[in-house]
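Here the protein sequences line up with chains A and B, keeping their order.
For the first sequence, position 314 matches number 313 in numbering that gives the first Met the number 0, and the numbering has no gaps at all.
For the second sequence, position 9 matches number 8 in numbering that gives the first Met the number 0, and the numbering has no gaps at all.
You may find that some hints are simply not true.
Below, computed lysine-lysine pairings styled on DSSO-like, alpha-carbon distance capped at 30 angstroms [claimed, not checked]: (1) A:K321 x B:K8; (2) B:K39 x A:K328; (3) B:K8 x A:K328; (4) B:K8 x A:K213; (5) A:K221 x B:K8; (6) B:K39 x A:K221; (7) A:K205 x A:K328; (8) A:K33 x A:K200; (9) A:K200 x A:K328; (10) A:K213 x B:K37; (11) A:K213 x A:K32; (12) A:K206 x A:K32.
Read the hints as simulated data drawn from the structure, not as lab findings.
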Amino acid sequence: MFGLYDTAFGALSWGNILMFLIAGLLIYLGIAKKMEPILLVPIGFGILMVNLPLGGLMVYTPDGLPAEVPTLGGLIQAIGNGEIGLLNVLYTYGIESGVIPLLIFLGVGAMTDFRPTIARPISFLFGATAQLGVFVVFIIAYCSGLFTANEAACVGIIGGSDGPPTVYLTAALAPKLLGTITLVAYSYMALVPIIQPPVIKALTSKKERAIFMKPQLRQVSKLEEILFPIIIFIVSALLVPKSMPLIGMFMFGNLLRVSGVTDRLAQSAGGVFIDVLTFLLGLTVGALMPAEVFFTGQTLAIIGLAVVAFALGTAGGLWAAKLVNLFLKEKINPMIGAAGVSAVPMSARVVQRMGQEANPRNFLLMHAMGPNMAGAVATSVVAGIFLGMLM
Amino acid sequence: MIDWSVVAKVAGGGFGATILALVILSLAAWILGLIMQKTKAKPEEPAAKDK
């Protein structure tokens with residue numbers, strides 16, 4: 000400007016301008032349409048921050064990876080010299096290290112009511128079969144030649160529709176895709192009410208959708224609620240050790256909620272604590288999407304494959320519920336299996352709405368919440384299995 | 000170049016391991032429920048007899 004300093008206009012590219020439009024769309028969807036606003040608004044703003052040139056909030060290497068953050072001693076100097084920005088620090092210490100997604104999962108656990116899952120343990124089976132989309136999309140992504148095995152696993156896990164395991168796995172296996180995968184995962188979670196109904200309708204008859212289930216689940220005792228997170232944590236950590244950080248945090252958060260003596264901790268974990276972490280995650284993830292990293296063939300492929308993952312996950316849960324019905328005297332409504340894709344609580348709400356459309360006497364919400372919560376556990380197990388096999 | 004052994008290991012083995020792990024978790028939760036319901040039912044019996 001007047002030869003005194005550089006303005007950013009000259010450094011703007013068409014890619015940056017396109018990213019502004021994407022950022023604007025995300026902020027609009029978050030604010031005006033209330034679609035996942037607590038994530039889409041920070042992600043949108045993060046995209047703006049990183050696509051305004053010369054700001055230096057997030058510095059990239061020529062390979063498209065965030066610049067490496069030096070050890071604590073050199074940190075201040077590196078920021079001062081413009082070698083890294085504030086968001087590089089948040090990315091390295093918060094996301095790449097796995098700290099933020101894990102702590103968010105603690106908060107999620109503190110907000111989770113596992114009683115529907117405890118009352119009907121077969122929910123875990125629906126949560127498991129709803130991971131079908133994850134593995135099929137892994138095969139498609141890997142065989143397409145566009146992704147390595149590590150990247151394909153991260154694309155597949157979008158189908159688990161659970162944020163923290165997706166971020167945790169991608170930060171470990173495919174950090175370059177973290178921004179795109181997180182954005183697609185959270186955007187599609189908001190689109191569950193649009194993606195799931197056609198799949199459910201295609202795979203069930205009206206008679207099946209109208210199957211009546213008694214609204215009341217069995218009573219779960221306080222002791223059972225307390226023992227559940229401890230037992231599930233120990234068993235899953237022994238079966239899939241790499242899932243221990245995720246399930247450990249999830250179950251610890253839940254124990255705070257149900258213990259009856261740590262209400263203040265549970266309220267903090269599920270309140271301001273998770274809010275702060277969520278906007279730090281959103282902002283940093285948004286900043287992982289400079290135009291040169293976002294506009295690739297991989298991004299388009301991820302957007303397409305994620306729909307397939309969600310649809311197949313829905314189908315997997317439904318098919319398992321239909322299979323179980325062959326052996327049950329008192330039939331369950333197969334739609335509750337579709338809630339195994341997690342996306343808490345959206346997919347359970349979809350099942351509730353479709354159940355009432357088919358049979359106004361039906362109240363399926365609590366029945367669907369069981370597979371919904373089991374789906375969150377299942378996605379963490381899958382993340383652990385991928386880490387164990389591919390790291 | 001597609002490494003089919005990776006596909007088989009990760010997709011086949013991974014999905015199988017997921018199902019197995021979740022079936023075991025399901026059993027653990029079911030056994031927990033069973034024990035809890037039995038221990039809850041026991042003290043109620045003498046109370047019913049008292050009446």
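Status of the hints after comparison with the structure:
1. Of the supplied pair hints, the one linking A:K321 and B:K8 holds, its CA atoms being roughly 28 angstroms apart against a limit of 30 angstroms.
2. With a CA separation close to 26 angstroms, the supplied pair B:K39 and A:K328 stays within the 30 angstroms bound.
3. In summary, the hint linking B:K8 to A:K328 is not supported, as the alpha carbons are separated by about 37 angstroms, beyond the 30 angstroms threshold.
4. Restraint check for B:K8 and A:K213: not satisfied, since their Cα atoms lie roughly 41 angstroms apart, outside the 30 angstroms limit.
5. Of the supplied pair hints, the one linking A:K221 and B:K8 is violated, its CA atoms being roughly 41 angstroms apart against a limit of 30 angstroms.
6. Using a Cα cut-off of 30 angstroms, the hinted pair B:K39 and A:K221 holds, with the two alpha carbons roughly 11 angstroms apart.
7. As the CA atoms of A:K205 and A:K328 are separated by approximately 20 angstroms, the hinted pair is consistent with the 30 angstroms bound.
8. Taking the CA atoms of A:K33 and A:K200, the gap is about 26 angstroms. The hint holds against a cut of 30 angstroms.
9. This hinted pair checks out: A:K200 and A:K328 have alpha carbons roughly 24 angstroms apart, not beyond 30 angstroms.
10. Using a Cα cut-off of 30 angstroms, the hinted pair A:K213 and B:K37 holds, with the two alpha carbons roughly 23 angstroms apart.
11. For the suggested pair A:K213 and A:K32, the alpha carbons sit about 34 angstroms apart, so the restraint of at most 30 angstroms is broken.
12. Restraint check for A:K206 and A:K32: not satisfied, since their Cα atoms lie roughly 34 angstroms apart, outside the 30 angstroms limit.
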